[in-house]
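There are 2 protein chains.
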Amino acid sequence: MEDSSKRIIGLVLRVLALGATLTAAIVMGTSKERANLYALSFEANYSDTPAFKYFVIVNAVVSVYSLIALFVPSESSLWRLVAALDLLVTLMLTSCISAALAIAQVGKNGNSMSGWLPVCNQVPDYCDHVTMALAAGFAAAILYLMALTASAHAALDEDDCC
Amino acid sequence: MEDSSKRIIGLVLRVLALGATLTAAIVMGTSKERANLYALSFEANYSDTPAFKYFVIVNAVVSVYSLIALFVPSESSLWRLVAALDLLVTLMLTSCISAALAIAQVGKNGNSMSGWLPVCNQVPDYCDHVTMALAAGFAAAILYLMALTASAHAALDEDDCC
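These protein sequences, in sequence, are chains A and B.
Using our numbering, you'd call the opening residue of the first sequence number 1 and step up by one each time.
Using our numbering, you'd call the opening residue of the second sequence number 1 and step up by one each time.
Heads up, some of the hints might be wrong.
Since the list gives no way to pick out one identical chain from another, each pair is judged satisfied if it fits inside one copy or across any two copies.
As the list claims (entries may be wrong) - Listed below are the simulated DMTMM-like cross-link pairs for lysine to aspartate or glutamate, each with C-alpha atoms no more than 25 Å apart in a straight line: (1) K6 / E43; (2) K53 / D125; (3) K6 / E33; (4) K108 / E43; (5) K108 / D48; (6) K32 / E43; (7) K53 / E75; (8) K6 / D48; (9) K6 / D125; (10) K108 / E75; (11) K32 / E75; (12) K6 / E75; (13) K53 / E43.
Read the hints as simulated data drawn from the structure, not as lab findings.
Bound-form chain A, shown alone:
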């Protein structure tokens, strides 16, 4: 594949990943819903669950990194560093999605052994928000895995040429 095509594909992947992480952070960060259960009124808020807070922080940090990485010139010697950071970012995204997904699964189905009841019946909009945020985060992780392959190739080419 030509160098210019590779550059364009790499750039498109990073722009899409930036969109996905930004969406994930915003959608999860705006997840809250007030519910009434008998005489009790309670508010479900993402910030009450450490795994969801971790998800928002990671996606926000990765969005900033994605924006900065867009401006690394293709002939730069920084591609080894970008490849290493892409690996770190992919691992961080995988970690925060897995943690949030594990909690979301308990929210949906509960855990009878621990006596944890499902909450999605009480706060369906909140659960829909979380599901959408997880889908966006998952898309970001896949896009970053592809961007990592591209940046690893760029680092390889740099090795071959100099």
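Position chain B relative to chain A; hints supplied.
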């Protein structure tokens, strides 16, 4: 660094990672405790929590892969495949540890917003088992990240030489 030293370091990392994943799978897989709460008797078992089952399955699969990867000769053309699989394994380990850790955190501290009470006071031995399994899994992920660096270098060397 000499090629033979690289080989030995790579081999040591893989043997240690095999030990860590095997320990993680066995320790988590044997996590169960019977507890009595007032008139109720219940058993905490890892298999009642999907995130813990996922943790055991991933660590068992990675153990088998680690064993097979030990027998790939250093001059083999398979190192590109091993590097790709090492990346996949590192992602899977990161994912299963994060999911299990998220649930373990709720088990320890509960989640007041969702009305999920902590359970570690009732089943302390079960929680200790889970904590030890998580520590072994975390060690395995770090070792695999190092093994990935080594196998990526081996794949790079292969590119340079042929």
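Quiz item: Can you name, in rising order, the numbers of the hints this structure does not satisfy?
Solution: 1, 3, 7, 8, 9, 10, 11
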